[in-house]
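A.B. asks: Below are the chains, spelled out letter by letter.
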Amino acid sequence: MKKLFMRSFMFAAALLFALNVNGCILDAFDTLTQGFPISVDINMSGTLTSLSDSTTVNLDDSDFYNDNQDKIKKIELLKIAYRTTEVVPQTLSGNITLTVKQPNNIVLFSKIISNATPNNYKDTPYELQLTQSEIQSVNAYLGILSNKTLIATVEVSGLPAGPKTLNAKIDVVFEMEYDL
Amino acid sequence: MRRTLQFLILAALLCVQVNAQDDRFSQLNEENVAGFAKPLVTSLGMGLNSGAFHTADVSSTFGFGISFRFMYIMVPDDQRTFTPTLPDGYTANESTPTFYGSKTGASYAGPGGYITFPGGVDESAIPFAMPQITASFMGTEALIRFIPTIKAGEEEISFFGIGIKHSISQYIPLMPLDIAAQVMYNKIKFGSIVEGTNIVFNAQASKSFGLFTAYGGLQYESSKFDVNYTFEGDPYSQIPEFQQDRKISAEIEGDNNFRFIVGGTIRLAVIAINADLSLGSQTVVTTGLSFEF
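Line by line, the protein sequences are chains S and L. Per my numbering, residue 15 is the first one in the first sequence, and the count goes up by one each step. Per my numbering, residue 94 is the first one in the second sequence, and the count goes up by one each step.
A portion of the hints provided could be inaccurate.
[As the list claims (entries may be wrong)] Below, in silico cross-link-like pairs of lysine-lysine (DSSO-like), each with a Cα-Cα straight-line distance of 30 angstroms or less:
id, chain 1, residue 1, chain 2, residue 2
1, L, Lys280, S, Lys85
2, S, Lys115, L, Lys196
3, L, Lys244, L, Lys131
4, S, Lys88, L, Lys282
5, S, Lys85, L, Lys340
6, L, Lys196, S, Lys162
7, S, Lys85, L, Lys317
8, L, Lys196, S, Lys87
9, L, Lys300, S, Lys85
10, S, Lys85, L, Lys244
FYI, nobody ran anything at the bench for these hints, they're computed from the structure.
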């Protein structure tokens, strides 16, 4: 009887172990995939018919990235949006071109928002629709984990002559897979 | 033997323990933690409240049993996403994963930049296991589920459950079925992070055919978990409420209220092997191995 009890117990133990270690969801807890946002400022003013400004998107500017950077397995670009914070005059309109480059000036992608009225993007950011190949080119660059910076350039053309100011933010979401 | 048992139970509970302290929760504010975690709380409730019986027969003299219960809890697709609550100016134009959902969380654009949500574990089922002891006397059975306090990292895990079952059919002459009613209380604690309580009431019936016993029941239950964690703010966020770290305490109730149970038991001398299916908010397959004297 004791032998039967022990065999049955071992069967139960083996089943429990198999359920919870081999097939189990424990593997799912080894890593976490988490998106984190970074926003950078673009400030333009002048009297010409086109304005532009460049800024650096630096992963080090994210607390979340810094807290976990020694455990990162993968980083990818998820989303990017243009958002106006101030525009004078409010009726200003033109063609907004957003270009994202590597620090060595290799262009990763460039998008145009034609006939845009920046004032419309104050409360509702304009989310850029990136193609798969554009996302892949950014992710290939970010795949080298020492690559932490992107250069974002905004150029607004087709503006009327005269004094004007356009301040904006580029909102980016990166997704990071890291060990827990 | 005791160390082996503790290790196995620890492995079973580890799934849950890790959940509570992993970074997913630290990205959720007060308004969204319930939406994210409710399916998990429901699963824990469905698991802890399963396997309470494998027959409605209660010994009219004296009985004693040791059991191991194994549960496999299946999460329906509609519990893998939820619609988050967002600040003014934002629109939840898509759903985001719950704890069980896909690994990529949703992000929402708005006047303060993007708001991001954590991904899930991308699982649609979890296993669960526990031991239990029963002792019966004169038509009443007491049940105890107990795990000695186990150290897991910085935290201690403890689990305790108690139940009592009483035979109703003993009062009804010539009753062709065994009928019983049962009440059970479970409490599980992971250090100061998670504390869950579960209450169960059920009515059960069974009929034996030689070595085989068919059983079924209707069960009412409730599960409530208190979760304590730190929301990790982002000082660069343009949304004031998202800038600061803060402690969050949330009370989350599971969706598990009623379930219907149907199953069968085969008895071989002192060994009883059973399997049943629970149909409720989530579906649970329970198997059990019992040694009954």
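A.B. asks: For every hint, state whether the structure bears it out.
C.D. replies: Taking the hints in turn, this is what the structure says about them:
1. Taking the CA atoms of L:Lys280 and S:Lys85, the gap is about 35 angstroms. The hint is violated against a cut of 30 angstroms.
2. About 28 angstroms separates the Cα atoms of S:Lys115 and L:Lys196, which keeps this hinted pair within 30 angstroms; it holds.
3. A distance of roughly 26 angstroms separates the Cα atoms of L:Lys244 and L:Lys131; the hinted pair therefore holds under the 30 angstroms criterion.
4. Restraint check for S:Lys88 and L:Lys282: the C-alpha separation of about 34 angstroms exceeds 30 angstroms, so the hint is violated.
5. This hinted pair checks out: S:Lys85 and L:Lys340 have alpha carbons roughly 25 angstroms apart, not beyond 30 angstroms.
6. For a cut-off of 30 angstroms, the pair hint linking L:Lys196 to S:Lys162 stands: about 23 angstroms separates their Cα positions.
7. Taking the CA atoms of S:Lys85 and L:Lys317, the gap is near 34 angstroms; set against the 30 angstroms cutoff, the hint is violated.
8. Restraint check for L:Lys196 and S:Lys87: the C-alpha separation of about 14 angstroms stays at or below 30 angstroms, so the hint holds.
9. For the given pair, L:Lys300 sits about 57 angstroms from S:Lys85 by alpha-carbon distance, which is inconsistent with the 30 angstroms threshold.
10. With a CA separation close to 25 angstroms, the supplied pair S:Lys85 and L:Lys244 stays within the 30 angstroms bound.
When held up to the earlier numbered hints, the structure conflicts with 1, 4, 7 and 9 and fits the remainder.
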